[in-house]
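Novice: Single-letter residue listing:
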Amino acid sequence: MLTVLAKLLKALNSEQSPNQLAMAVCLAAILGLTPLMSLHNIFVVLIALWFRVNLSILIVSYPLFALLGYLLSPVFESVGLSILQAQALVPMWESFFNTVIGRWSNFYFSGVIGSLIIAVASGVVLFPATRIAVAQYRAKWLAKFDQFKVTRMLKASKFWQLYSD
Amino acid sequence: MKIIRLWGVIAFFVLVLLVVAAWYLLAPSLIKSGIEATGTEVVGAKVEIDEVKLSLFPLGVEIKQLQAADPDSPMSNLVEVGLIKFAVDSDALMWKKIQIDELNISDIQLGTSRNSSGAIPGGRATEQLSNEIATIDLPELSQQDVKSMVEEADLLTVKRLNTLDTTQQRLNQEWKKALDSDANKARVESLEDEFKRLTERAKDNKLNLIADRKDWKKLNKAIDKERDNIKTLNNKFKQDKELLATQVKAVRNGPEDDLDAIMNNMGLGNGIDGLSDRFLGPEVTPWLRKALDAMSGLQAEPSSSEEAMVYSTDKGLRVQFKDEQLFPDVLIKKVNLSGKDQNWSLSGDGSNLGYFPWLVGQPAKLELAMSGQGSANLSLHSEWQNAQTMNTKIDSNVDQWPLKDFQLMETSDGAWMVNSGQLESNLNGKLTLESIDLNLSLKLNQPKINSPANLSGWQETLAESLNQQSQLSIDVAVTGSLQEPQFKIRSSIENLFKDAIGKKLKQQAEKLKSKFSEEISAKVGDLGDLDQYTKNFDQWKEQLKSNDELLEKLKVKI
Numbered sequence: 001m002l003t004v005l006a007k008l009l010k011a012l013n014s015e016q017s018p019n020q021l022a023m024a025v026c027l028a029a030i031l032g033l034t035p036l037m038s039l040h041n042i043f044v045v046l047i048a049l050w051f052r053v054n055l056s057i058l059i060v061s062y063p064l065f066a067l068l069g070y071l072l073s074p075v076f077e078s079v080g081l082s083i084l085q086a087q088a089l090v091p092m093w094e095s096f097f098n099t100v101i102g103r104w105s106n107f108y109f110s111g112v113i114g115s116l117i118i119a120v121a122s123g124v125v126l127f128p129a130t131r132i133a134v135a136q137y138r139a140k141w142l143a144k145f146d147q148f149k150v151t152r153m154l155k156a157s158k159f160w161q162l163y164s165d
Numbered sequence: 166m167k168i169i170r171l172w173g174v175i176a177f178f179v180l181v182l183l184v185v186a187a188w189y190l191l192a193p194s195l196i197k198s199g200i201e202a203t204g205t206e207v208v209g210a211k212v213e214i215d216e217v218k219l220s221l222f223p224l225g226v227e228i229k230q231l232q233a234a235d236p237d238s239p240m241s242n243l244v245e246v247g248l249i250k251f252a253v254d255s256d257a258l259m260w261k262k263i264q265i266d267e268l269n270i271s272d273i274q275l276g277t278s279r280n281s282s283g284a285i286p287g288g289r290a291t292e293q294l295s296n297e298i299a300t301i302d303l304p305e306l307s308q309q310d311v312k313s314m315v316e317e318a319d320l321l322t323v324k325r326l327n328t329l330d331t332t333q334q335r336l337n338q339e340w341k342k343a344l345d346s347d348a349n350k351a352r353v354e355s356l357e358d359e360f361k362r363l364t365e366r367a368k369d370n371k372l373n374l375i376a377d378r379k380d381w382k383k384l385n386k387a388i389d390k391e392r393d394n395i396k397t398l399n400n401k402f403k404q405d406k407e408l409l410a411t412q413v414k415a416v417r418n419g420p421e422d423d424l425d426a427i428m429n430n431m432g433l434g435n436g437i438d439g440l441s442d443r444f445l446g447p448e449v450t451p452w453l454r455k456a457l458d459a460m461s462g463l464q465a466e467p468s469s470s471e472e473a474m475v476y477s478t479d480k481g482l483r484v485q486f487k488d489e490q491l492f493p494d495v496l497i498k499k500v501n502l503s504g505k506d507q508n509w510s511l512s513g514d515g516s517n518l519g520y521f522p523w524l525v526g527q528p529a530k531l532e533l534a535m536s537g538q539g540s541a542n543l544s545l546h547s548e549w550q551n552a553q554t555m556n557t558k559i560d561s562n563v564d565q566w567p568l569k570d571f572q573l574m575e576t577s578d579g580a581w582m583v584n585s586g587q588l589e590s591n592l593n594g595k596l597t598l599e600s601i602d603l604n605l606s607l608k609l610n611q612p613k614i615n616s617p618a619n620l621s622g623w624q625e626t627l628a629e630s631l632n633q634q635s636q637l638s639i640d641v642a643v644t645g646s647l648q649e650p651q652f653k654i655r656s657s658i659e660n661l662f663k664d665a666i667g668k669k670l671k672q673q674a675e676k677l678k679s680k681f682s683e684e685i686s687a688k689v690g691d692l693g694d695l696d697q698y699t700k701n702f703d704q705w706k707e708q709l710k711s712n713d714e715l716l717e718k719l720k721v722k723i
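Protein chains in written order, with the working numbering: chain A, 1 to 165; chain B, 166 to 723.
These are computed hints drawn from the structure, not numbers from a lab.
It is possible that some hints are incorrect.
[Stated by the list, open to error] Below 30 angstroms or equal to it, Euclidean Cα-Cα: the simulated DSS-like pairs (lysine-lysine) are: (1) B:K383 x B:K368; (2) B:K406 x B:K324; (3) A:K140 x B:K167; (4) B:K530 x B:K498; (5) B:K167 x A:K7; (6) B:K653 x B:K401; (7) B:K396 x B:K383; (8) B:K342 x A:K155; (9) B:K167 x A:K10; (10) B:K401 x B:K342; (11) B:K361 x B:K371; (12) B:K558 x B:K653.
[Stated by the list, open to error] Cβ-Cβ distance ranges computed for the label pairs, FRET-style: (13) B:M259 x A:A66: 25 to 33 angstroms; (14) B:V495 x A:I59: 37 to 45 angstroms; (15) A:P74 x B:V495: 55 to 63 angstroms; (16) A:P63 x B:E532: 50 to 58 angstroms; (17) A:L67 x B:P286: 53 to 61 angstroms.
[Unchecked claim] Heads up, incomplete: computed chain A residues facing chain B, CB under 8 angstroms, no partners named: (18) K7; (19) H40; (20) F43; (21) V45; (22) L81; (23) L84; (24) R103; (25) Y108; (26) F109; (27) A135; (28) Q136; (29) D146.
Ideal Cβ placement from N, Cα and C applies to all residues, glycine included.
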C-alpha cells in the first residue's frame with residue numbers, strides 16, 4: 001500500500017507534464033476495463049512504451065480499473081451487444097470481421113467491444129479531468145500535502161528513496 | 166521535451182520477441198498438458214503423452230505414445246496410440262481456422278498393460294455429479310428383487326382402479342337417490358291423481374274448468390318442474406358417463422404406464438440417460454448428453470447480416486457475422502488409422518471431416534474395418550448439400566466377435582461380467598436434420614455370465630436365467646429428431662418386470678371390495694370387464710326416459 005502511495009505521490013510531484021499522467025490513466029483504463037489478452041492491448045502497450053506516458057501511474061491505476069471492469073462486465077456485455085447488433089453498424093462489423101485483424105481482434109465478442117467503447121469514452125472524459133486535477137493539485141494542494149505528517153513520514157521512508165532514484 | 170521514448174520502442178519489441186519465444190518453448194508442454202487434462206476428464210482415468218513436437222515451418226504437431234488408461238482396470242490401457250501426426254495450414258490459421266491436410270493415427274493398440282496405475286487420485290471433477298446421477302437413476306437395483314420392488318411401487322393401475330371404484334360407488338348412490346323408485350312413483354302418481362280429479366270435475370261441469378283454473382295451472386307447473394328435473398338429470402347422466410369412460414380408459418392404460426415407470430426407475434427405460442447409465446456407464450452420460458446437445462445445436466450460419474446470430478461462449482456473447490472465408494472452422498481433409506494386436510488388426514480412413522460441415526463442400530466419409538476371430542466394420546457417409554439439408558447414413562456390423570471378460574452391467578454388488586460369448590450386432594439407419602431412423606440390434610450368443618457373489622432374491626434368479634439363455638438380445642430403435650430423439654429399447658430382462666407387474670395387479674385388484682372387484686381381479690391381465698362399471702347407465706337412462714314420457718303425455722292432455 002505504501003509502495004503504491006509512494007509511486008502515486010512521486011509521479012504527481014514530479015516534473016512530468018499533466019498530459020503524461022492523464023495519458024497513463026486513460027491507457028490504464030483501456031488495459032483494465034477490457035480483457036487483457038486482446039489484440040488492441042498490444043497496441044495500448046506499444047503506445048505506453050513508445051510515448052513518454054507515466055508508467056508508474058499506469059501500473060498503479062491498472063488494477064483499479066481491472067476491478068471496476070470486473071464489476072461492470074454485465075454492462076459491457078449489454079452495451080457491446082447493442083453496438084454489434086445495431087442495424088446501421090452491421091455492414092461495418094461484417095466487413096471488419098472479414099479482415100485478418102478483425103478476426104483476431106475479438107471485437108465480435110460483446111464483452112470486448114462493449115468494454116473498449118466504454119473505456120475509450122471514459123478516456124475522453126478522464127484525460128482532461130486528470131489534467132485539470134493534476135494541475136490543481138500541483139498549484140493548490142502540493143504545498144499543503146507536503147506539510148502532512150503522513151507525507152513527511154513517507155518521504156523519509158525507504159520506499160520514497162527507492163522510487164526517487 | 167521529447168514525447169517519444171526510444172528505449173520504450175526497443176523494450177516493446179524485446180517484450181514481443183520474448184512472448185513469441187516463450188510461446189514456442191512452452192507450446193508443446195501446453196498442448197501436452199491440455200490434451201492430458203481434457204482426456205483424463207473425459208475418460209475418467211489418466212491420459213498421458215510421452216512427447217509433443219511442434220514444428221513451425223510448416224506448422225505441424227507430432228504426438229508420440231498417447232495412452233488412455235482403463236478406468237475399470239487402471240493397470241491397463243483402453244487405447245494406446247504410437248503416433249499422431251498432422252500439419253496445420255497456416256493460411257487458414259490466419260483466419261482462426263484449423264485445416265489439416267492429412268491426419269495420421271498409427272500403431273493403435275487396445276488393452277495394453279501399464280507400468281503404473283492409471284487411476285486418478287481423488288477422482289475427476291465430474292465424478293461427484295456422475296455418482297449423483299447413478300444414485301438417482303438406479304435407486305434400488307442392488308437391494309431389492311423385482312417382486313418386492315413391484316410390491317412397493319405405487320402402481321398407477323391400482324390407484325386408478327381405486328379411483329374408478331370410488332367414483333362408481335359415489336355415482337351409484339347419487340343416482341339411486343335421484344331415481345329413488347318409490348319417491349318417483351309417488352310424485353308421478355300424485356300428479357296423475359290430480360289430473361284425474363280435475364278431469365272428472367271438468368266432465369261434471371264445464372264451468373269447473375274456470376273454477377279450477379288455479380289448480381290446473383299448479384298441476385301444469387308441477388309437471389314442468391318434474392320434467393326440468395329430468396332434463397337436469399339427463400345432463401348429469403352425460404357428464405357422469407364421460408367421467409367413468411375416461412377413468413376406465415386410464416385403468417386400461419395403467420399396466421403399460423406402470424411398466425414404463427418401473428423400467429425408467431431401473432435405468433432401463435427409453436431415455437438416453439437411462440440407456441447410457443446402464444450400458445455405457447454413468448460417467449459417460451454427461452459427455453453423451455453434451456454431444457447430443459452439440460448435435461442439436463448444429464444450426465445454419467446466418468444467411469444475411471440482419472440475421473447475425475448470437476452464441477454464448479466462455480468469453481461471453483459472440484455475434485456471428487457472415488463469414489466470407491467459405492471454409493469450415495475445423496477441417497480434416499484426410500485421416501488414416503491403423504493398428505494391430507495379437508487378436509485383431511484395424512484399418513480405416515476418412516475424408517472431409519469438418520465443422521461446420523456444410524462448408525466442406527464434399528461428403529464426409531469414414532470407413533473402419535477390424536478383423537480377427539470375428540469381423541467388424543463401420544461405414545459412415547454424411548452429406549450436407551447446404552446448411553439446411555443433411556443426409557447421413559450409418560452402416561455398422563459386428564459378426565461373431567468373441568467376447569471375454571466383458572462387463573455387461575454394474576450394480577453396487579459388483580460387476581456382471583460376460584466370461585465368454587459371441588457378439589453379433591448391427592447398427593444401421595439414416596439421419597437428417599428433421600428425423601432420425603436408427604436401429605441397433607445386439608445379440609450375445611451362448612453367454613456365460615459371471616454375476617457378483619452373494620446375490621439373493623431376484624438377482625440370483627436373474628443371474629441363473631441369464632445363463633440359461635442361449636441368446637441375450639437388446640434392440641434399440643431411435644426415432645424422432647436431433648433435438649428430441651426418442652429411444653425405444655426392448656430386452657430380454659424387460660419381460661421379467663412385465664410378468665411381475667401383472668401378478669401384482671391381480672393381487673391388488675383382489676383386495677377391492679366393490680361388487681366388481683372379483684370380475685376385475687379375475688381378468689386383471691387384460692382388464693376386459695371394466696365395462697361392468699358403466700352397465701348401470703342403461704338402467705338409469707331407461708328409468709329417466711319412461712318418467713319423462715309419462716309426464717309428456719299428461720302435458721299434452723292438459
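Novice: Holds or violated: are the alpha carbons of K140 of chain A and K167 of chain B at most 30 angstroms from each other?
Specialist: Judged against 30 angstroms, a Cα distance of about 28 angstroms means the pair holds.
Novice: Taking only the CA atoms, is the gap from K530 of chain B to K498 of chain B under or equal to 30 angstroms?
Specialist: OK: K530 of chain B and K498 of chain B at ~10 angstroms, within 30 angstroms.
Novice: Does the CB of Q136 of chain A sit less than 8 angstroms away from some CB of chain B?
Specialist: violated (22 angstroms)
Novice: For the hint 37 to 45 angstroms, verify it against the beta carbon of V495 of chain B and that of I59 of chain A.
Specialist: holds (40 angstroms)
Novice: If you take the shortest Cβ to Cβ gap from L81 of chain A to chain B, is it below 8 angstroms?
Specialist: holds (6 angstroms)
Novice: Measuring from the C-beta of D146 of chain A to each C-beta in chain B, is the shortest one below 8 angstroms?
Specialist: Hint violated; D146 of chain A Cβ to chain B Cβ min 25 angstroms, cut 8 angstroms.
Novice: Between K558 of chain B and K653 of chain B, does the CA-CA distance stay at or below 30 angstroms?
Specialist: Holds, at about 20 angstroms.
Novice: Is it true that the CA of K401 of chain B sits at most 30 angstroms from the CA of K342 of chain B?
Specialist: Judged against 30 angstroms, a Cα distance of about 13 angstroms means the pair holds.
Novice: Under the criterion that the straight-line Cα-Cα distance not exceed 30 angstroms, is the pair K653 of chain B, K401 of chain B satisfied?
Specialist: Given that 30 angstroms is the threshold and the Cα spacing comes to 42 angstroms, the pair is violated.
Novice: Has the hinted range 55 to 63 angstroms been met by the Cβ atoms of P74 of chain A and V495 of chain B?
Specialist: violated (31 angstroms)
Novice: Regarding the hint that A135 of chain A lies at the interface with chain B, is the smallest CB-CB distance below 8 angstroms?
Specialist: This hint is violated: A135 of chain A lies away from chain B, its Cβ roughly 17 angstroms from the closest one there, beyond 8 angstroms.
Novice: Are K361 of chain B and K371 of chain B close enough, with their CA atoms no more than 30 angstroms apart?
Specialist: holds (15 angstroms)
Figure legend: structure checked against the earlier numbered hints; hints not met, in rising order: 6, 8, 15, 17, 18, 19, 20, 27, 28 and 29.
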